[in-house]
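Student: Starting from the known structure of chain U, arrange chain R on it as the hints suggest.
Given next are the chains, with one letter for each unit.
There are 2 protein chains.
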Amino acid sequence: MGNVGRAVVRLLQAKEKELRERYGIEWRATGVASRRMGWIARPEGLEAEEILALANRASGEKQGGAVPKVRDAAVQGGRSNPEASGVPLQAPTPQTKDVREWIAAARADVLMEMTPLNRVDGQPAVEHIRAALEAGAHAISANKGPVVFAHEELRKLAQEKGKKFLFESAVMDGTPIFSLFRETLPLAELRGFRGILNSTTNVVLAGMEVGLPLEEAVKRAQELGVAETDPSDDLDGWDAAVKVAALAIVLMGAKVRIEEIEREGIRRLDPAAVREARAAGTPYKLVCRAERAGGRVRASVRPERVPLGDPLAAVNGTSSCVHFHLDFLPGLTIVEHAPGVEATAYGMVADFIHAVGKEV
Amino acid sequence: MGNVGRAVVRLLQAKEKELRERYGIEWRATGVASRRMGWIARPEGLEAEEILALANRASGEKQGGAVPKVRDAAVQGGRSNPEASGVPLQAPTPQTKDVREWIAAARADVLMEMTPLNRVDGQPAVEHIRAALEAGAHAISANKGPVVFAHEELRKLAQEKGKKFLFESAVMDGTPIFSLFRETLPLAELRGFRGILNSTTNVVLAGMEVGLPLEEAVKRAQELGVAETDPSDDLDGWDAAVKVAALAIVLMGAKVRIEEIEREGIRRLDPAAVREARAAGTPYKLVCRAERAGGRVRASVRPERVPLGDPLAAVNGTSSCVHFHLDFLPGLTIVEHAPGVEATAYGMVADFIHAVGKEV
Chain U
-12 MGNVGRAVVR
-2 LLQAKEKELR
8 ERYGIEWRAT
18 GVASRRMGWI
28 ARPEGLEAEE
38 ILALANRASG
48 EKQGGAVPKV
58 RDAAVQGGRS
68 NPEASGVPLQ
78 APTPQTKDVR
88 EWIAAARADV
98 LMEMTPLNRV
108 DGQPAVEHIR
118 AALEAGAHAI
128 SANKGPVVFA
138 HEELRKLAQE
148 KGKKFLFESA
158 VMDGTPIFSL
168 FRETLPLAEL
178 RGFRGILNST
188 TNVVLAGMEV
198 GLPLEEAVKR
208 AQELGVAETD
218 PSDDLDGWDA
228 AVKVAALAIV
238 LMGAKVRIEE
248 IEREGIRRLD
258 PAAVREARAA
268 GTPYKLVCRA
278 ERAGGRVRAS
288 VRPERVPLGD
298 PLAAVNGTSS
308 CVHFHLDFLP
318 GLTIVEHAPG
328 VEATAYGMVA
338 DFIHAVGKEV
Chain R
-12 MGNVGRAVVR
-2 LLQAKEKELR
8 ERYGIEWRAT
18 GVASRRMGWI
28 ARPEGLEAEE
38 ILALANRASG
48 EKQGGAVPKV
58 RDAAVQGGRS
68 NPEASGVPLQ
78 APTPQTKDVR
88 EWIAAARADV
98 LMEMTPLNRV
108 DGQPAVEHIR
118 AALEAGAHAI
128 SANKGPVVFA
138 HEELRKLAQE
148 KGKKFLFESA
158 VMDGTPIFSL
168 FRETLPLAEL
178 RGFRGILNST
188 TNVVLAGMEV
198 GLPLEEAVKR
208 AQELGVAETD
218 PSDDLDGWDA
228 AVKVAALAIV
238 LMGAKVRIEE
248 IEREGIRRLD
258 PAAVREARAA
268 GTPYKLVCRA
278 ERAGGRVRAS
288 VRPERVPLGD
298 PLAAVNGTSS
308 CVHFHLDFLP
318 GLTIVEHAPG
328 VEATAYGMVA
338 DFIHAVGKEV
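Those sequence lines, one after another, are chains U and R. Sequential numbering of the first sequence, starting at -12, is according to this note's numbering. Sequential numbering of the second sequence, starting at -12, is according to this note's numbering.
These are calculated hints, taken from the structure and not from any lab test. Be aware that a few hints might be false.
Repeated chains share a single entry, so a pair holds when one copy, or any two copies, can fit it.
As the list claims (entries may be wrong) - Straight-line Cα separation of at most 30 Å, DSSO-like style, residue types lysine-lysine; simulated pairs:
| id | residue 1 | residue 2 |
| --- | --- | --- |
| 1 | K84 | K151 |
| 2 | K4 | K151 |
| 3 | K4 | K143 |
| 4 | K151 | K345 |
| 5 | K4 | K242 |
| 6 | K345 | K242 |
| 7 | K84 | K242 |
| 8 | K84 | K206 |
| 9 | K148 | K345 |
| 10 | K242 | K151 |
For reference, chain U alone in the conformation it holds in the complex (with noise of 0.2 Å):
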């Protein structure tokens, strides 16, 4: 519970009506956890504001804090608001010690799982499914770890639980993009794809373009609140090469590692190099591709010129855009512009909708 799961419940909150009238679903909260307010469970539901509050209250968490005491993360029961106290309030929810406890006690249909990327083995996010899918509820994720490293495995697991398990946040936010092949795109086989999905390094590179040296440009991202303390797996081209991974083992049934996809990332990229090729109107982007190549597929993240006219050109900001060579489409491309939480929120609950809603 951090900004994607107060922004899923103010969007569950918002659409309330719609979610009953036009899908079937009344929907309640049994179980909240983060690190720092730990496993919360109470069967017959939190209130919506009661969740807010306490995210609010543990929103100075960070990562690798540790499991608070009961008493930090306590709520009340009904509608009354614990920041408002100003004491330490007594916990009515039954506490527990870890997910499957958890799920357990919370007795869950859904589990909403938000937790960072972890690229070296996707954990705890796998674990928290797998307890999820093995518990019988549906698992939505926003988390590329899961998919990266345990895609088969979890897609086999909820298909035997007769569960679903969906990730349409885990790349490009909510835009519709796993959907967009499971719903709509039937027997089209995705010949191969090539796309910008890392906007840190897009608004580092315009940085670059005007003028600042490669610190510079990360700093002005970093106090635009596109680039992370640390921005590592951004430049280095990590978490492009995990998104490309992503798409490529869940779309084109690839067994692909991360380590297996060609990764260079924009440090080492001449600034005066990155100035002149705008000048040129063929922009530097961090370029991702998968394609087939015989029986396997072949991914790389690299620096490329994106020529004039070409789709992935116009993409600048926080936009996202990837372009799909399919079979019978000759191409197809899907640009994200802009997007805040509220899409990342968006896709799970698109995700929830499609695990349990109901033509009505």
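Tutor: Relative to the frame of chain U, chain R by itself:
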């Protein structure tokens, strides 16, 4: 049964195995019709080769041709090729006199409708689809007319009958637009869109940009097979206006008639201004727009200069593009690149799978 029909049959043939194994679909063509061949029904099934041979024979067909004599469109049973015999063949198939008799005689489960657009009243396509739905068959159309003139009626009729009325290929060929909203964007509210939806004007404007006067640019587009013999509906913005109306009606629930769309074609554009706009990097395009304004939807089609960095500026040749503005996704652009008749056929087959496929 014309170019698109042939491509549909070829695609259904090419994907026969996947249709059966992945979607549980086994198909049989039990009727085929065109102005020239008339209404041919054979419930025990026509071979794909027979249909293609019939269509090839009728391919000299022009609009306005009379319904032919039976012998003209004759087919033989089995796999023999009527083309090869060199003499008119006896028709073993029951001939029927109109669409209703034909659908009944063919015992159709699905109608695929691909007559050309009639922008005055949408006929005879509206009647074809009505007849199919009333007879308890799914109706799939590549024609914008029924969407613009009778969407509400046909949608309700389909619902009453528990059948589908689908028309993915009516706008941007097989590119998922209607299914994108229907299947992958639940709850999303479409606030407006902007797009380039007419490829003829796009190609004509490109000709003018390199110095051709309008008439020469049109001639070149005709030589490329992009513009029709009478290109008025394209040049005057009618084709684009019908597409805007179809999108606004289906995706925004708008009650909009074609005549209510502000419409200005490209005939009055000054060729020098077109050249200068391109040189400045802000080319003229025939831009389609719709947006919610108060309780209604305002729509327009007119030449506009597209700013630098706008995804619409990168749309060239026969490509199309539409940019959607949604409540929870700030911007989503879909670009279709250089489609052929296979793309239209693909959209119809995708609709077919949506109508009758099941998860295997």
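Student: With reference to the structure, classify each hint as holding or not holding.
Tutor: Hints, verified against the model:
1. For the identical chains of this complex, K84 and K151 are intra-copy neighbours only, at 25 Å inside a copy versus 50 Å across copies, given an alpha-carbon limit of 30 Å.
2. Taking CA atoms no more than 30 Å apart as the test, K4 paired with K151 passes in both settings, with 24 Å inside one copy and 26 Å between copies.
3. Taking CA atoms no more than 30 Å apart as the test, K4 paired with K143 passes between copies only; the shortest distance there is 23 Å, against 34 Å inside one copy.
4. Proximity of K151 and K345 under a CA criterion of 30 Å is satisfied in both settings, with 14 Å inside one chain copy and 17 Å between copies.
5. In this assembly of identical chains, K4 and K242 lie within 30 Å of each other by CA distance solely across copies; the values are 24 Å between and 42 Å within a copy.
6. Taking the shortest Cα distances, K345 and K242 sit within 30 Å of each other only across copies (27 Å), while inside one copy they are farther apart (34 Å).
7. Taking the shortest alpha-carbon separations for K84 and K242, neither the intra-copy value of 35 Å nor the inter-copy value of 56 Å comes in at or below 30 Å.
8. Taking CA atoms no more than 30 Å apart as the test, K84 paired with K206 passes in neither setting, with 40 Å inside one copy and 75 Å between copies.
9. For the homomeric pair K148 and K345, the shortest alpha-carbon distances inside one copy (19 Å) and between copies (19 Å) are both at most 30 Å.
10. In the homo-oligomer, the alpha carbons of K242 and K151 lie at most 30 Å apart inside one protomer (21 Å), although the nearest pairing across protomers, at 37 Å, exceeds that limit.
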